[in-house]
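S.K.: Using the hints provided, position chain R relative to the given structure of chain H.
Protein chains: 2
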Amino acid sequence: MTIDRALIERDVSRLLKRGVAEIIVEEEMLELLRSGRKLRLKEGFDPSFPDIHLGHMVALRKLRQFQEMGHQVVLIVGDWTAQIGDPSGVSVTRPMLTAEQVRSNAETYMQQFFKVVDRGMTEVRWQSEWYGKFTLADVIQLTSKFTVAQMLAREDFSARYSAGRPIAITELLYPLLQAYDSVVVKSDVEFGGTDQKFNFLLGRELQTMLGQRPQQCFMTPLLVGTDGKHKMSKSLGNYIGVAEPPDVMYGKVMSIPDELVMQYFELVTDLPEEELEEFRQQLAGEANPMNMKKRLAREIVAQLHSKADAVEAEAHFARVVQRGEAPADIPVAYAPSDTPDIRRLLKSCGMVGSISEAVRLINQGAVEIDGQKVIGYQLPVKEGSIVRVGKLRWCRVKIDPEKAEKA
Amino acid sequence: MTIDRALIERDVSRLLKRGVAEIIVEEEMLELLRSGRKLRLKEGFDPSFPDIHLGHMVALRKLRQFQEMGHQVVLIVGDWTAQIGDPSGVSVTRPMLTAEQVRSNAETYMQQFFKVVDRGMTEVRWQSEWYGKFTLADVIQLTSKFTVAQMLAREDFSARYSAGRPIAITELLYPLLQAYDSVVVKSDVEFGGTDQKFNFLLGRELQTMLGQRPQQCFMTPLLVGTDGKHKMSKSLGNYIGVAEPPDVMYGKVMSIPDELVMQYFELVTDLPEEELEEFRQQLAGEANPMNMKKRLAREIVAQLHSKADAVEAEAHFARVVQRGEAPADIPVAYAPSDTPDIRRLLKSCGMVGSISEAVRLINQGAVEIDGQKVIGYQLPVKEGSIVRVGKLRWCRVKIDPEKAEKA
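Quick note, the sequences are listed as chains H and R, same order. So the first sequence is residues 1 to 407, counted in my numbering. So the second sequence is residues 1 to 407, counted in my numbering.
You may find that some hints are simply not true.
Identical chains share a label here; the pair holds if one copy fits it or two copies do between them.
Heads up, simulated DMTMM-like pairs for lysine to aspartate or glutamate below, C-alpha to C-alpha not over 25 Å straight-line [as the list claims (entries may be wrong)]:
| # | residue 1 | residue 2 |
| --- | --- | --- |
| 1 | 293 | 383 |
| 2 | 145 | 100 |
| 3 | 17 | 275 |
| 4 | 145 | 156 |
| 5 | 115 | 277 |
| 6 | 186 | 26 |
| 7 | 231 | 68 |
| 8 | 234 | 275 |
| 9 | 145 | 275 |
| 10 | 229 | 247 |
It is worth saying that the hints were derived from the structure and are not from the lab.
For reference, chain H alone in the conformation it holds in the complex (with noise of 0.2 Å):
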């Protein structure tokens, strides 16, 4: 690599600056940086979680930045760790997945990881590599260096032994296995959100016992999720995930709060810095959030999808969100007869996941058929009929009883 040190150190306070929570240790960090190697930058995942959404996207972005720069991204697959499963911040011991599933994981994975960073400025590496051939004797030197107490002193380890809740030893080995990773790929940085600390730190501590230079750790923010309260996670349902449809991904953004509009717009896009500044202004005066929040939208579809896409999806969301008015092209219901059971028909069409989410969104009032809300579960419908769940969920009913058996 040639060294262009105006170049480097524009980018540096790019890189540095925006989208970072943490980075241990920043003075070393800057220094290789301003060296001109170039750097192998780790990033780990768990097949356990395929989906990528916009939260993991923060660390992505970085990484691609790096890339950008010329330095070269490590991805581990962590097929052995997943087995065992990440206890960070878990408050219970998990099920092991099947080698199968962490395969076929992956696989997904990789496809929405690929949609940020530059598959040709990344070396692919699974942990299978080394651990398939990791012995006992390689297990006993490499839990002799470190301690049970260093691994209790872990917030949520201790929190879970405190509280009387197990800890399957396995769950120990987790963090040595993710710090082992840095050593076998001679990581010089690695990534990831502010939770993954404490094993970020383990393997700076491996890497120095066994004569490696010890990696820098850069920790990207957690992004607060579409409720505006917790952080971005699949389970708590306040995702947007990279590989969701435009109209979808572009419905979500437009439903987040107000106040997390600027938060995205520094995390997930590339706006310069300059016209962020100019929309805290607006946003502090008269402008209408919602125009700001339409073009936060359209970039991130723009950069997921495209820019034709993101200019559908706006369309899309005008005429059925903000008109009311049916999308041109919706699912099919099959009723089996003109007074069918509302809660199986929604069921049927895959409008929702369950008999149970049926019934509580329509006691929410969430369900209309023809504009008219949902009370009790036998209605009566005609052909053409349009159902339609919260804002975004709509179906038109057919009455045909040999199709509606079928689904």
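M.R.: Using the frame of chain H, we list chain R on its own:
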């Protein structure tokens, strides 16, 4: 095996009464013995400590008694667990042995073991047979079955943990590996001291989890050492080694406090219960305990060496210790001149292990030359002078500068 009920019942009472601290589960143990099945008796040892002393013999003699009923001993060479170090009752993390040290120690151990246990009815198994090919996947399987809290509930761990002393994660693996040994060798009964109870119970648990009949745990009492205070242990220096020469063994038995005589008879000799009862009555009366102790010393030397050795050791003891005469056959110490450095002289002929030990013994007044207590370190000797350290160590001086140089 044919079942001779009367014989079994006689043996059962001998097996399960004398030399037993605790049996888990006694009812099941009885059933097993009455079933007439050939049982697999597991005894593991840690080749970090190759020296067997009378304390270990309590369990080994029990094995021998079971063998006499036709049962099979399975001796497990803990060549893998030794590399970790058994944390049972130990208060610090121990250094690891090399594979070479382990192998050589194991040989030493077995030479002593088969002085008591019948080699022909013993199956020797090295852990490396199964742990040599144990993979990380196996480790994950095994460690997922137990929790950190279960391990830390163990007395020694919990004491260390709450005192803030380090416990390497590796040490949590030790009891799991020992438990897994029971599964591999299909142990019916595991033998050892009461300090092994936790490990034994873990074996039961793991066997049950993996669909095997859980082993019985046969725990023998801890023998008090020659100091009359602490359990016999090499590190406390209060032990009688089974490999020690007849004279030393005899002398050490004679040195135990009178109160221990009956305990030793019970735990390390085969004298029948009726005879022991007589001894008890004699001791309660006017009998001289010295005579009883001589009987004990003869029994033990005869058992571990031969009857002839026992007779000779007794004569040696009477002559050297009781009458204070020099033994017939004592080693030579070569002096460089007729005023040698006594500390070096003692060290060169092996009467002490180090110069500092020599200094300590001289200062304690435990060293004599020709019947005169040694004061100071540089003293005149003559050809044929007798040097004595304590009651049992003797040598004869030869003045020979050349050989003194080499010594």
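S.K.: Please go over all the hints and tell whether each is borne out by the structure.
M.R.: Status of the hints after comparison with the structure:
no. : hint      : result
1   : 293 / 383 : neither (38 Å within a copy, 107 Å between copies)
2   : 145 / 100 : between (32 Å within a copy, 22 Å between copies)
3   : 17 / 275  : within (16 Å within a copy, 89 Å between copies)
4   : 145 / 156 : both (21 Å within a copy, 20 Å between copies)
5   : 115 / 277 : neither (28 Å within a copy, 88 Å between copies)
6   : 186 / 26  : within (19 Å within a copy, 56 Å between copies)
7   : 231 / 68  : neither (28 Å within a copy, 69 Å between copies)
8   : 234 / 275 : neither (31 Å within a copy, 78 Å between copies)
9   : 145 / 275 : neither (50 Å within a copy, 56 Å between copies)
10  : 229 / 247 : within (24 Å within a copy, 82 Å between copies)
When the structure is compared with the earlier hints, violations turn up for hints 1, 5, 7, 8 and 9 and for no others.
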